[in-house]
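**Q** Spelled out, the chains give:
2 protein chains.
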Amino acid sequence: MLGEPIRDRKAERHEGTKAEILEAAWEIARAAGLAGLTLRDVAHRVGMRPPSLYSYFASKEAVYDAMFAQGCREFLKEQEEVGSTGDTLADLKVIARSFVGFCTEDPTRYQLLFQRTIPGFEPSAEAFAISVKGLEELRRMLAGIGITGQESLDLLTAVVTGLTDQQISNDPGGDRWIRLLDEAMEMYFAHISKRMKAGDGP
Amino acid sequence: MLGEPIRDRKAERHEGTKAEILEAAWEIARAAGLAGLTLRDVAHRVGMRPPSLYSYFASKEAVYDAMFAQGCREFLKEQEEVGSTGDTLADLKVIARSFVGFCTEDPTRYQLLFQRTIPGFEPSAEAFAISVKGLEELRRMLAGIGITGQESLDLLTAVVTGLTDQQISNDPGGDRWIRLLDEAMEMYFAHISKRMKAGDGP
DNA sequence: CGGTTCTCCTAACATAATTAGGAGACTCGT
DNA sequence: ACGAGTCTCCTAATTATGTTAGGAGAACCG
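Chains as they are written, first to last, in the UniProt record's numbering: chain L, 1 to 202; chain H, 1 to 202.
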């Protein structure tokens, strides 16, 4: 007589516990390294025994996959918050700084999203789609400031991820490489400007 | 009455078996991924049971360490084979191409030497020393063609490893990024040339 | 030939992922 | 309030892997 319930309390609780497990997994991965994550530790942190986690995630890989998807969503959100001034070089610096900032603020997340180092982990099609969406947004933004063409984009990708990678690998928490970011963007901008001019020539 | 034997056949055989195990480990790592290496598989390939490997290596980490040291020696050798013409830009391209070639010809070795992705692996002091020697040689070569200064070297490192990383991660076996190497070196060279000129000014 | 060393083995243990199956708590319609 | 169904979490057991302990047999050496 009361009709359909508005909320599914059971499902809500289930999702809540899932989120709790995911958060615990992040904490442990940040402390023990992405590959050092164990279900035993995750279970202990949320007050369960390891097999109980299987009610929430089908496997350890599914936990990685959920972390991957969550990281991708955060990346997408970060991209959407970057504005644009119309000055190509200035915008380029802002975009690059946003990317590097996102990566260095959580190296574990960076490792999961952009380095493929977990033994057999391949993101599920669903999670991968979110990832592609984030990169597409980035590409769109760069196109918006005049940076198009596969080669130009590839070169930019290499420079920015190169700086990021060196920073995280060899000076975590420091700024030895990221302080070169503006300079690197000036170098890159000068280069593609020259190339576009040459392309316009006879 | 016969004096000291010239050769220690036992030690030679022991070293030979060690080398054989190491080679088997490389093959398995290349096929199953660096993290997918198991002593079980290594033992099986050399016709032993897993515990027998412990007569040759103290642990799985020791196997990784020996692989690391071997890779570093190969790197050092590669560095020593690079010549110099006196033309800074041309030499820069040769050095960079040599480095990227070394990395892409064996991505597993690259992962072990330049990306730190094995759970708890830290190279031993002895292996690390070989690694430092190789990087020192590289630095010396770059100094020889006029590239000095921490920031210039760091920027170059970022650009070259960035291209290498993208190549290996996103287009293994292809040339999507490494074909941009000469262009990237021109970009970098133009940049540091300009900077040095500016530094000379008022 | 006898003792030493070397090589490899089996047995056993710890940790970790995973599966099977069950006990108790919660939910919902009646 | 009660009973069926579901949900949550548990214990027990299996498998894979790294590792240690200890021993049997072959190789070597005087």
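Please note that the accuracy of each hint is not assured.
With a Cα cut of at most 25 angstroms, we get these calculated DSS-like pairs of lysine-lysine [what the hints assert, rightly or not]:
1) H:Lys18 / H:Lys77
2) L:Lys60 / H:Lys60
3) L:Lys133 / L:Lys77
4) H:Lys60 / H:Lys10
5) L:Lys93 / L:Lys60
6) L:Lys93 / H:Lys60
7) L:Lys194 / H:Lys197
8) H:Lys77 / L:Lys93
9) H:Lys77 / L:Lys194
10) L:Lys197 / H:Lys93
11) L:Lys10 / L:Lys60
12) H:Lys18 / L:Lys194
13) H:Lys77 / H:Lys93
14) H:Lys197 / L:Lys197
15) H:Lys18 / L:Lys197
Simulated from the structure, these hints should not be mistaken for lab results. If you're wondering where the values come from, they're calculated on a predicted model, not measured in any experiment.
**Q** Determine for every hint whether it applies to the structure shown.
**A** Each hint, compared with the structure:
Proximity of Lys18 of chain H to Lys77 of chain H is assessed by CA-CA distance (about 21 angstroms); at most 25 angstroms being required, the pair is judged to hold. Among the hinted pairs, Lys60 of chain L with Lys60 of chain H is consistent with the structure: their alpha-carbon atoms are about 23 angstroms apart, no more than 25 angstroms. Restraint check: the Cα-Cα separation between Lys133 of chain L and Lys77 of chain L comes to about 11 angstroms, which is no more than 25 angstroms; the hinted pair holds. Note on Lys60 of chain H and Lys10 of chain H: the hinted pairing holds, with a Cα-Cα distance of about 24 angstroms set against a maximum of 25 angstroms.
As the CA atoms of Lys93 of chain L and Lys60 of chain L are separated by approximately 38 angstroms, the hinted pair breaks the 25 angstroms bound. Proximity of Lys93 of chain L to Lys60 of chain H is assessed by CA-CA distance (about 44 angstroms); at most 25 angstroms being required, the pair is judged violated. Between the alpha carbons of Lys194 of chain L and Lys197 of chain H the distance comes to roughly 19 angstroms, so the proposed pair stays at or under 25 angstroms and holds. Among the hinted pairs, Lys77 of chain H with Lys93 of chain L is inconsistent with the structure: their alpha-carbon atoms are about 39 angstroms apart, more than 25 angstroms.
Of the pairs offered as hints, the one joining Lys77 of chain H and Lys194 of chain L is violated, with about 38 angstroms between alpha carbons and a cut-off of 25 angstroms exceeded. With a CA separation close to 24 angstroms, the supplied pair Lys197 of chain L and Lys93 of chain H stays within the 25 angstroms bound. A distance of roughly 24 angstroms separates the Cα atoms of Lys10 of chain L and Lys60 of chain L; the hinted pair therefore holds under the 25 angstroms criterion. The hinted pair formed by Lys18 of chain H and Lys194 of chain L fails the criterion: a straight-line CA distance of about 55 angstroms is larger than 25 angstroms.
With a C-alpha separation of about 18 angstroms, the suggested pair Lys77 of chain H and Lys93 of chain H falls inside the 25 angstroms cut-off, and the hint holds. Under the criterion of a C-alpha separation no larger than 25 angstroms, the hint pairing Lys197 of chain H with Lys197 of chain L is consistent with the structure, at around 23 angstroms. Among the hinted pairs, Lys18 of chain H with Lys197 of chain L is inconsistent with the structure: their alpha-carbon atoms are about 59 angstroms apart, more than 25 angstroms.
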